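Since chain V is already given, all that's left is putting chain F on it; use the hints.
As given, the protein sequences belong to chains V and F, one line each in that order.
Heads up, the numbering used here is the position in the first sequence plus 120, with the first residue counted as 1.
Heads up, the numbering used here is the position in the second sequence plus 26, with the first residue counted as 1.
Please keep in mind that the hints were generated in silico from the structure rather than gathered at the bench.
Heads up, a few of these hints could be off.
[Stated by the list, open to error] Mimicking EDC-like on lysine to aspartate or glutamate, the simulated pairs with C-alpha atoms at most 20 Å apart in a straight line are:
#1 F/K299 to V/E316
#2 F/K141 to F/D109
#3 F/K170 to F/D230
#4 V/K270 to F/D306
#5 F/K170 to V/E456
#6 F/K170 to V/E396
[Unchecked claim] From the derived model, a few chain V residues whose C-beta atoms are all more than 12 Å from chain F:
#7 G130
#8 G165
#9 I185
#10 R243
#11 S247
#12 H334
#13 T342
#14 R377
#15 L392
#16 I395
#17 R414
#18 R425
#19 I430
Owing to the predicted nature of the structure, the values given are computational and were not obtained by experimental measurement.
All C-beta atoms, glycine included, are put in the ideal place defined by N, C-alpha and C.
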Amino acid sequence: MEDNILTVKGLSVEFRMRAGVVKAASDVGFDIERGATLALVGESGSGKSITSLSIMRLVPPPGEIVSGEILFNGRDLMKLDSEEMRRLRGSEIAMIFQDPMTSLNPVYTVGDQIAEAIELHERLPRSAAWARTVEMMERVRIPDAARRAKDYPYQLSGGMRQRVMIAMALSCNPRLLIADEPTTALDVTIQAEILELMRGLKDDFDLSMLLITHDLGVVAETADRVAVMYAGRIVEQGGVRDIFHNPSHPYTEGLLRSVPRLTEEGMKRRRLDTIEGTVPSLLDLPRGCAFAPRCQYEIAECTQRDIPMITVNGGHGSRCIRADVVGDEAAKTHPERSGRAQTAGI
Amino acid sequence: MTANENGTLVEVRGLKKYFPAGAALFGVGSDEVKAVDDISFSVRRGETFGLVGESGCGKSTTGRCILRLIEPTAGRVIFDGQDLGALGSAGLRRLRRDMQIIFQDPFSSLNPRMKVGRIIEEPLVIHRTGTKQKRRDRVVELLKLVGLEAGHAGRYPHEFSGGQRQRIGIARALALNPKFIVCDEPVSSLDVSVQAQVVNLLQDLQEQLGLTYLFISHGLSVVEHISTRVGIMYLGKLVEVARSQDIFNDAQHPYTRALLSAIPVPDPDARRKRLALAGDIPTAINPPSGCRFRTRCPLAEPRCAETEPQMVEVKPGHFVACMVVAPEGKK
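So that you can see chain F by itself, here it is in the shape it has in the complex:
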């Protein structure tokens, strides 16, 4: 990791994931949920790319498609120069060591019948790494790395608090020395004070181990804090991508602006100018034509229903998909 320190580690091109909607149950109809619909972005080495959006926007599906935990409908994922779609299962398994995931719910993602040491050791066993003794040593090293103690290896998950369990999940993800970790809502189910502990831990580990993160969350303030760059998703589409500070200071897309303004500010004297959105989020089964946000958008014009907006670079590194605020001619 010297030659291209700032090169791209993960590149996502035209990624799509459609799920059948109800068809499997009755064998008729061909409705599809367009959970992720043609998104492209890249994650640079050593950075944290934040993926934000509300429930059902496709952010978790995106994370899982990148790791091939679910098979994408279309599109390519290039990891460290290798096209994951072109790899056979053996090649994919080899590459999986480099890509790990941390889940939201530390209560359901740890096997309750396994001792913590065994949980953390499991990836090493699966990938046939080291001798028994070496694996044990590695478990102890990992426990200390995430702020737990060697003695915790002999306990069961239920003996730990939510924050500690999340640390166990992190230790397991680190076992194989990955380069890239998808953090899928890793702090969303934790209490505020514990959330801060885990966010700090993730940042420290990134610094020490040179990790690259895809940080998926619906909480914009956490994402802002931890991310280098941020992508905002709405109904299966990326609507804006920019450096974290540009999303916060200079959001362009009307959805990003509404999202930012909707976050309650922990200051009773803060002046609030809320950009209210009309109505509910439509379903991804038959999403609105043209721009998917138009049904709730305060700036919508008739043409928004006709064509899908493309990503336009409004300033270096800042991309927006909106015909009204970022007309394509400006490119």
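Isolated chain V (complex conformation):
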């Protein structure tokens, strides 16, 4: 049996617009080991959601997967026809989104919506599907599940709605769960409950997970491996400890340093480190490394050619030719790009 439930290789997604070609994802590749959680991290527009939609083959037009292989359980999803793909979605790969209110149909009860998915994929009669629905709602710890199943989405709180989405996603026993910012819209105490629930269910259901998030705290608590995206590319990937303790791409380092921390040390720091400048337009990516114009370690070579993924050690890789000196203050060629030394205005 394969070790990896999912392997993505050389995935590129483009949107042909009137203004030009938007390269939403370029040469994206990663593996998810069976039973493991991979976190795809990045800021808005970095390509993390489009990557997950590509796995489901749900890239909206005019977007198009222009190259790449997506191997799920040994099968190349790019070679499935639309009927085969539809059977796979929901049953073998399920997805949950940030905002449960817009993913649920407001005019059907939540129980009906879960039962519909079960009837469709498992070909069960209505009564059995309903029993399974209530059981699933109990497993995601919705109190008084049999009664709440008859509620409409608006009657539930945000946290309860996300539980319903999780129940629906898991109702057909998927092998892979794609969770796109599952807790971003929730309050922090509710977020903690949902993350706890997801960790428990992952073991119970023997799931593998692709978690998409911008919250590094959620990543540290949930992921086994991390892939960091910037401007449509994975710029660094590795085990969660490699990424947090030994970041080897300047972007990852900058991202980790710009988070305000609830620690004594964090509070003493008067200014936060920043990454100066803004993300480049995907319509007009700079030559070479897309992060170079904001990078503290930039040298001439960075913008002269495409930068390949370089192995740091074992499963830890970085798309940076200076990966070995990241973290070394003395190696910085542009320390002013950290924003720490700057003051506003004149």
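Just chain F now, kept in the frame of chain V:
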């Protein structure tokens, strides 16, 4: 701003804001959402007072009531020695120059049809300040102050990124040289790296211009970083007020403790002891009797349902409203 450098700039006393719940739609029933229910605190000159809580706790309503963008149901707001409730509309307008607000969403708070220069100039026009030329100069000065360029004045909001738009919102708030700015979730919709840029900018401006901030956020770590003192809100009530480092090191209220423990730590080796809360946040329409947090509180006792806990000073400057951890006798 010399005589009382550390005096109070804004004092909030017994502030309440009730909204009618559904009654307007059907004309019957008298349910009220007690969005803010009898809170008191003060903001000192030159400090940043952080107001933290989860959605629906009343923190934004509090900010808006202070600026009289919405009319409070009861209570007083004293700004720089003047009772805002006692001022007529002309007096209030005059005072509004001194009080500004920065909003969460930089996409919906800037008029998409106005050029940036016009957006920043607008408060000056409304308050009939300076000549056309002077206002133009001021716009350029403001753009530079927030880290943008003079040339940006001729562009439209859609040409800017989220972080840049937030800078435009800040420039607009600064146009009239205010003393006090309510920052309502100013960084919540921004990406982490941009968030840090805006937090730094706000701190620099505070230092240069001697500003006082009320910083409203649901993100405790940002608030901790930027605030001098912090107030924690739950369902329309303040439950704890203390210096920022005391909230972080020595939180007393069980809700504050749960909130702190719920924040995911960006360190895979951090040891976590999570104080799980039972259930969802109740609605503010018919909030629980007595202590509003009791339905989710791990320490709740029968008496918590009977009386509302009062703010007790557990140590200098550190106030807690909880009968269990801060009994009133200790005062």
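Hint by hint, where does the structure go against what was stated? Just the numbers, ascending.
Result: hints 2, 8, 12, 13, 14, 15, 16, 17 break, sorted rising.
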